[in-house]
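A.B. asks: Each chain, written out:
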Amino acid sequence: MSTLVLRNVGKRYSTHQVIDGLNLEIHSGEFVSLLGPSGCGKTTLLRIIAGLTQCDDGEVLLDGNDITDLAPHKRGVGVVFQNYALFPHLNVYENIAFGLKAKRLDAEAIDAEVKQALLSVQMSQFSDRSVAGLSGGQQQRIAVARALATKPKLILLDEPLSALDRKLREAMQIELKHLLRDAGMTAVFVTHDQEEALVMSDRIAVMNKGIIEQLDLPERVYARPKTAFVLNFVGLSAQWHGSICSQGLDLMTIKLGEASIDCPTQVGMSVGSPVLIGVRPERIRVQAVMDELESPIDSLVDIAPDRKINKIRMTVRELVFRGSNTLCYLDSALAGEVPIIVELSANTTYTPQVGEGVDLVWAVRDTLIFSLDPVACNS
Amino acid sequence: MKYKKIKRSIAWLALPGVGFLSLVFVVPLLALLATSLIGPDNHFTLSGYVSFFSDKFNFGVLSNTLKIATWVTLICLLIGYCVAFAMASASPLIQAIMFLIFIIPLSVGVVVKAFAWTILLRSNGLVNRILISMGIADEPLKLLFTESGLIIGAVHVFLPFMVLPIFAVVRQLDHRLAEAASTLGANPVRTFVKITLPLTLPGVVAGCSFVFSMTLSMYVIPSLLIGDRYQTLPGLIARAYLFMRDRQNGSVMAVLLLSMAIAAVVLSALITRQLQRSQKTLASSV
Chain A
8 MSTLVLRNVG KRYSTHQVID GLNLEIHSGE FVSLLGPSGC GKTTLLRIIA GLTQCDDGEV
68 LLDGNDITDL APHKRGVGVV FQNYALFPHL NVYENIAFGL KAKRLDAEAI DAEVKQALLS
128 VQMSQFSDRS VAGLSGGQQQ RIAVARALAT KPKLILLDEP LSALDRKLRE AMQIELKHLL
188 RDAGMTAVFV THDQEEALVM SDRIAVMNKG IIEQLDLPER VYARPKTAFV LNFVGLSAQW
248 HGSICSQGLD LMTIKLGEAS IDCPTQVGMS VGSPVLIGVR PERIRVQAVM DELESPIDSL
308 VDIAPDRKIN KIRMTVRELV FRGSNTLCYL DSALAGEVPI IVELSANTTY TPQVGEGVDL
368 VWAVRDTLIF SLDPVACNS
Chain B
6 MKYKKIKRSI AWLALPGVGF LSLVFVVPLL ALLATSLIGP DNHFTLSGYV SFFSDKFNFG
66 VLSNTLKIAT WVTLICLLIG YCVAFAMASA SPLIQAIMFL IFIIPLSVGV VVKAFAWTIL
126 LRSNGLVNRI LISMGIADEP LKLLFTESGL IIGAVHVFLP FMVLPIFAVV RQLDHRLAEA
186 ASTLGANPVR TFVKITLPLT LPGVVAGCSF VFSMTLSMYV IPSLLIGDRY QTLPGLIARA
246 YLFMRDRQNG SVMAVLLLSM AIAAVVLSAL ITRQLQRSQK TLASSV
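Each protein sequence line maps, in turn, to chains A and B.
Oh and the first sequence: position 334 is 341 in our numbering, straight run, nothing missing.
Oh and the second sequence: position 255 is 260 in our numbering, straight run, nothing missing.
No wet-lab data here; the hints were simulated from the structure.
Incorrect hints may have been included.
[Claimed, not checked] Restricting the straight-line Cα-Cα distance to at most 20 Å, the calculated cross-link-like pairs of lysine to any residue (SDA-like) are:
id, chain 1, residue 1, chain 2, residue 2
1, B, K199, A, L112
2, B, K199, A, K160
3, B, K199, A, D135
4, A, K160, A, L112
5, A, K110, A, Q123
6, A, K122, A, L112
7, A, K108, B, V194
8, B, K72, B, D233
9, A, K233, A, Y357
10, B, K199, A, K233
11, A, K160, A, G28
12, A, K81, B, F197
13, B, K118, B, V194
14, B, K199, A, Q123
15, A, K108, B, P203
16, A, K122, A, F133
17, A, K81, A, L68
18, A, K110, B, P193
19, B, K199, A, D118
20, B, K199, A, D113
21, A, K81, B, V225
22, A, K122, A, S137
23, A, K108, B, V198
24, A, K81, B, P193
25, A, K108, B, G114
26, A, K108, B, A183
27, A, K108, B, D233
[As the list claims (entries may be wrong)] Okay, the calculated bits of chain B under chain A, using three or more residues with CB under 8 Å as the criterion:
id, segment
28, 127 to 133
29, 248 to 257
Think of the CB as a built atom: it goes at the ideal place given N, C-alpha and C, for glycine as much as any other residue.
Start from the sequences, fold in the hints, and give me the full structure.
C.D. replies: Here it is in structure tokens:
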């Protein structure tokens, strides 16, 4: 049972700041994903934790011990590499036994451990196979078994599923999650696949440009992104640019050309400052255009803030059928560069036609708002 | 089915090469073998081999030849292995420069290089002057016309043939394998012995067989750097042909030399095949 603490970790390559004063605390037995686009420093961070790369600033603590300058083979940190890095000249059994032999266990103990490790990944019958003859999924299992066999304090996984095809990847996500949970292993999982991170993690650290933008539960990262980057990187969202035109105690009103959107008041934003509005597609209901008089909710003035709704009129540009749902691309003068996309669930009774005008309706409390004011961003 | 057809049609392309080689290599070598088995009276005889192995002097020559070849191979391996790793991890520019450093001297004749070493190695040569001015030696070391001088010169000439095959393997080596070994708790020595060395062995075997067989058969370098008093097999062969006019004796020694060189190459080919069988291909797992 281990805790990993990163304090103010920094890493430069010549002038490029790859990791920038990063802080992270991972609890014992926790599965944390480092999620970010390529080049955000997530793999570098993983290598720093494993000791394969030296950090320039800060310190790495494992179970309270400073391991910043410790060689990788003395850390007890297991790594599953992206390409698995299985030893091609050793067979499956010898690959798993490698770490145990390095620990100078006696032959009997090694044999028992290897068999146990093979059993845990359901690969017992492959014991004396050459690793080159294994499929991607099998190699992946062996790589995990090899890392777990040495009983590391912490296991790091560097996009271990990215080389697998979609079906296998989804099966392995669950399998890997259970395997690590059953072993009570603290795990750091690097991925650029947001779905993978949402499925597997206890917590997600969304990384961008060498810092962690948000470290939170998967549900909160998705539903309550802290920054515009997180909103964009995790999941789809309908987005509008606007500026705050009035600010009340509970609600603010944002002007989008001629239309306006209400959202919960946030501290640190002032009237007139530019903002980005985001709404998750499944929060938006698409309905046929109704006249103001027919619309019952809008006519009520005194309505509790958490029950208020926003409504925007747009034109359907394209419908994309995706099996479980249909994506509806919308056009409007209000939309920015990013097309507005909403989800039409399969059980909806109303299906709009391309070219038709529709109303987008969503609850005010589901409106996400991000300041685009450079000053506010920095604060 | 289709693939086999293509393969067969391509095999014809080897004909000119095979024809040329059989003309200039196989036929003369058969003639050589025949000469070694034919006595002065034009009859089949093993007397050439019998007389060669009954002369104790020849065993001394054989052991000199093998000793020098072994030393040169070992020193080339030691230097070449390190250099190949440095080269593989260097930046592209440095790598290109190092590559040139090893390739360009190949275009200079062996005679020129050996002669250059006679100048460098003599008692008032550059090597001795440097050693003395650095305080490593108090008086000029005798390097020219010694085994050490011969080994120095031969290592210089044959080093590229060790570096290049090892470099070719090291360049393809996945450095993550060594990293994986370290995260599994293996210290650097263990990682090298158990992972890096076995995976680079094909390059080592190829380099060693090149250098060993070339050093066995070198003639110009010993004749310039150590002279007649220290005999190696190629020198003896030349003497038998050129001075003694004893074609049978010369052929016997040439066949023996050839057998040793072939043995080295065949052995290394067998080792390489064995290694490849046990690890399949390096690339397929990446």
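A.B. asks: Is K110(A) within 20 Å of Q123(A), Cα to Cα?
C.D. replies: Measuring from Cα to Cα gives roughly 17 Å; hence the hint holds.
A.B. asks: For the pair supplied as a hint, K108(A) and P203(B), confirm whether the alpha-carbon distance does not exceed 20 Å.
C.D. replies: Between K108(A) and P203(B) the Cα gap is close to 17 Å, so the pair holds against 20 Å.
A.B. asks: Please verify whether K108(A) and D233(B) have alpha carbons no more than 20 Å apart.
C.D. replies: 54 Å, violated
A.B. asks: Keeping to a limit of 20 Å between CA atoms, is the pair of K122(A) and L112(A) held or broken?
C.D. replies: 14 Å, holds
A.B. asks: If you draw a straight line from the CA of K81(A) to the CA of V225(B), is it 20 Å or shorter?
C.D. replies: 53 Å, violated
A.B. asks: What's the verdict on K199(B) and Q123(A), does the C-alpha distance respect the 20 Å limit or exceed it?
C.D. replies: 23 Å, violated
A.B. asks: Would the pair K199(B) and D113(A) pass a check requiring their Cα atoms to be no farther apart than 20 Å?
C.D. replies: Holds - the C-alpha atoms of D113(A) and K199(B) are around 18 Å apart, at most 20 Å.
A.B. asks: Does K160(A) sit within 20 Å of K199(B), going by the straight-line distance between their CA atoms?
C.D. replies: 24 Å, violated
A.B. asks: Do the alpha carbons of K81(A) and P193(B) lie within 20 Å of each other, as the hint requires?
C.D. replies: 11 Å, holds
A.B. asks: When you check the alpha-carbon spacing of K72(B) and D233(B), does it fall within 20 Å?
C.D. replies: 17 Å, holds
A.B. asks: For the pair supplied as a hint, K199(B) and D118(A), confirm whether the alpha-carbon distance does not exceed 20 Å.
C.D. replies: Holds, at roughly 19 Å.
A.B. asks: Counting residues of the segment 248 to 257 of chain B whose CB is closer than 8 Å to a CB in chain A, do you get three or more?
C.D. replies: That given contact is violated, which follows from only 0 residues of the segment 248 to 257 of chain B lying within Cβ reach (below 8 Å) of chain A.
Consistency note: the structure conflicts with the earlier hints numbered 2, 9, 10, 11, 13, 14, 21, 25, 27, 28, 29.
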